[in-house]
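Colleague: With the hints as extra help, turn the sequences into a complete structure.
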Amino acid sequence: MKGILNILKNNNKALFGSVILFMFIFVAVFAPLLTDHVPNKRTGNPHEYPSPIVKIAQASPDGWVAQNLADDKRTLLMSKKAEHVMGTSRMGRDIWAQLAYGARVSLGVGFGAGIVVCFLATVIGISAGYFGGRVDDILSAAMNVMLVIPQYPLLFVLAAFIGEAGPLTIALIIGFTSWAWGARVIRAQTMSISEKEFVKAAEVLGESRIRIIFVEILPNLISIVGASFIGSVMYAIMMEATISFLGLGDPGTISWGIMLYNVQTSSSMLIGAWWELLAPCMALITLSIGLAMLNFAVDEIANPQLRSNPGMKRFEKMQRADKKARAAHVKAEPPHFVGEKDLASGAK
Amino acid sequence: MGFFLRRLSFYFIALLFAATLNFIIPRAMPGDPVTMMFANATFEVTPERIAAMKELLGFVDGPLYEQFFIYIKSVLTWDLGISVQFFPLSVNTVLGNAVGWSLFLAGTAVLFSFTLGSILGIFAAWRRGSKFDTIVSPGMLVIQAVPQVVTAMLLLFIFSITLRWFPTSYAYTAGVTPDWTSWTFLKDVAYHAALPLLGASIVQIGGFLIAMRNNMINLLGEDYITMAKGKGLSENRIVFNYAARNAMLPSVTALSMSLGMAIGGQMIIEIIFNYPGLGTVLLNAINARDYQVLQGQLLVMTLFMLFFNLLADMLYVLLDPRLRKGA
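Protein chains in written order, with the working numbering: chain A, 64 to 411; chain B, 66 to 392.
Don't take every hint at face value.
[What the hints assert, rightly or not] Chain A stretches covered by chain B per the calculated footprint, using a threshold of three residues with CB under 8 Å from any CB of chain B:
1) 208-219
2) 308-321
3) 331-338
4) 344-357
In short, the hints are calculated from the structure, not lab data. All C-beta atoms, glycine included, are put in the ideal place defined by N, C-alpha and C.
Modeller: Laid out in structure tokens, this is it:
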């Protein structure tokens, strides 16, 4: 735990990424406490403006906000109660509630698929890399075939035949179709690790293969597995949004992809309901940036060579610390001439 | 030659695997896909037609392996069946009309992002650790992490709907007859393609940039670069003639492979901008439950992927003399 905190303290990217991620997890977990409305029922007029916009527009009817953001007088009149923080959708549903509850589905699908991908990639990659021979031939062929079959159409065909796929189904089909890349990387790394002396030593000592895999090899793969996990989560969140956006998801669930689907099908963009589009877009952008930052951080921690000038940074840091220490030191010391002066004055 | 035969046989197996998936998926799902398919049909559904459709799909009476061979045969003879949505038209025609636009969009987007990404990558590597490198290189990767749906919808909303700088849909102004020799028509096509191109390119630049940057960084430590510096050659000459030329090699093959991927990846952009490519065909097929077209789509995309992978293999051998000797 202390190690993790230390990493967060020393690595801005890791800190930034995890703050964003935990913010979304917090919103997802405490969604019922953070929202006043239910997400899947009509709670207001269609396309109400977000309440802050309404308040500003009412306070200054000639201001910039009223002229540019809330320029539809009828909509403004309809939303005079101003009780929807992020406005409402065309169906009169609260956007903020949908966003908060949608975070559950998006994160759930992301992490669920991420775990499946990670598990499959690790098992397949290590088996192929460590056992070699025929096992490797078969598994490598499977990886290569999975890599050349285009992901998007395959997922779309699967989702279309399943029909109104729920979040769990989406997570599973993403998980089962996208392990190949991770498995290939893990296989290569396993092969290079199994050539190392400590693995050979363990083999000579007669340790069981299972123990060698779990105790000798797996700990050295943690960074790669971690990076592939974060990458898969990013990919799964993106794919969930895409599949739902296409209308292949279950329209009864609330997810960011379904919100985008509703924007597209109710032509809210053409009406100018920017809040309905921006809310899920901003959520997806922020979450992706946060995860990308975490991915960079994992890369850097795992591979110090990637750090931008690590030596220089450490040197500069030491220099700064040194300067500070010196400054403090100098300050703490009593001025050199005081004594003399005192002496002098005392002598007078 | 042995290398190519090995690759070719692998690609053939991959194609068969995709066809097998197509065969298994409808059979593994609950319900009868043929009946489901006709639920939204726009033409009169007679039992004979259903029977004919079943036969086309390989849903013939008989053991599973027989059905499988019939299906594989229809795939290998490139008989993908008939679209339910556009009834008398075959899947080949429906997809064929769209493939051109998709290839055009994917090709231009990949070339554009390759050029821009590689140039940025060369600069980032040459001035490694500079402000440009520390901001642009991770910045492009972050942009790449944003889902395409989001980028495309925001582009559409900002530039087409709010600012009205670009058209919101189609590949050329509706009602104009395509005339590929007239300058005004070409300009019209470019005008309509601008935003989809931007959307499709923006997510690819980062990958090319990082690939080029890392290759360059590895090469810049080589002796021949030091030698070139020692000879007192100009910086431009060292960067472009000595380092970039060699660093380009992996990127060029990546270029070919990403063409195959881009056609599948940009479908969502085509849908949002209502561009008449494979993506739009896909959306219509989903909405009309036109499973034949969906399955044909998967096969066409796999073929593209395989073709461009093969092209990458050939380019590699052509461009890298070290491999040529081995082959």
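Colleague: Now tell me, hint by hint, if it's right for this structure.
Modeller: Each hint tested on the structure:
Given a C-beta distance limit of less than 8 Å, the hint that chain B covers the stretch 208-219 of chain A holds, as 9 residues qualify and 3 suffice. Counting residues of the stretch 308-321 of chain A whose CB lies closer than 8 Å to any CB of chain B gives 5, which reaches the minimum of 3, so the coverage claim holds. For the stretch 331-338 of chain A, the proposed coverage by chain B is satisfied: 4 residues have a C-beta within less than 8 Å of a C-beta in that chain, meeting the threshold of three. Counting residues of the stretch 344-357 of chain A whose CB lies closer than 8 Å to any CB of chain B gives 8, so the stated coverage by that chain holds, three being the minimum.
Of the hints listed earlier, there is not a single one the structure fails to meet.
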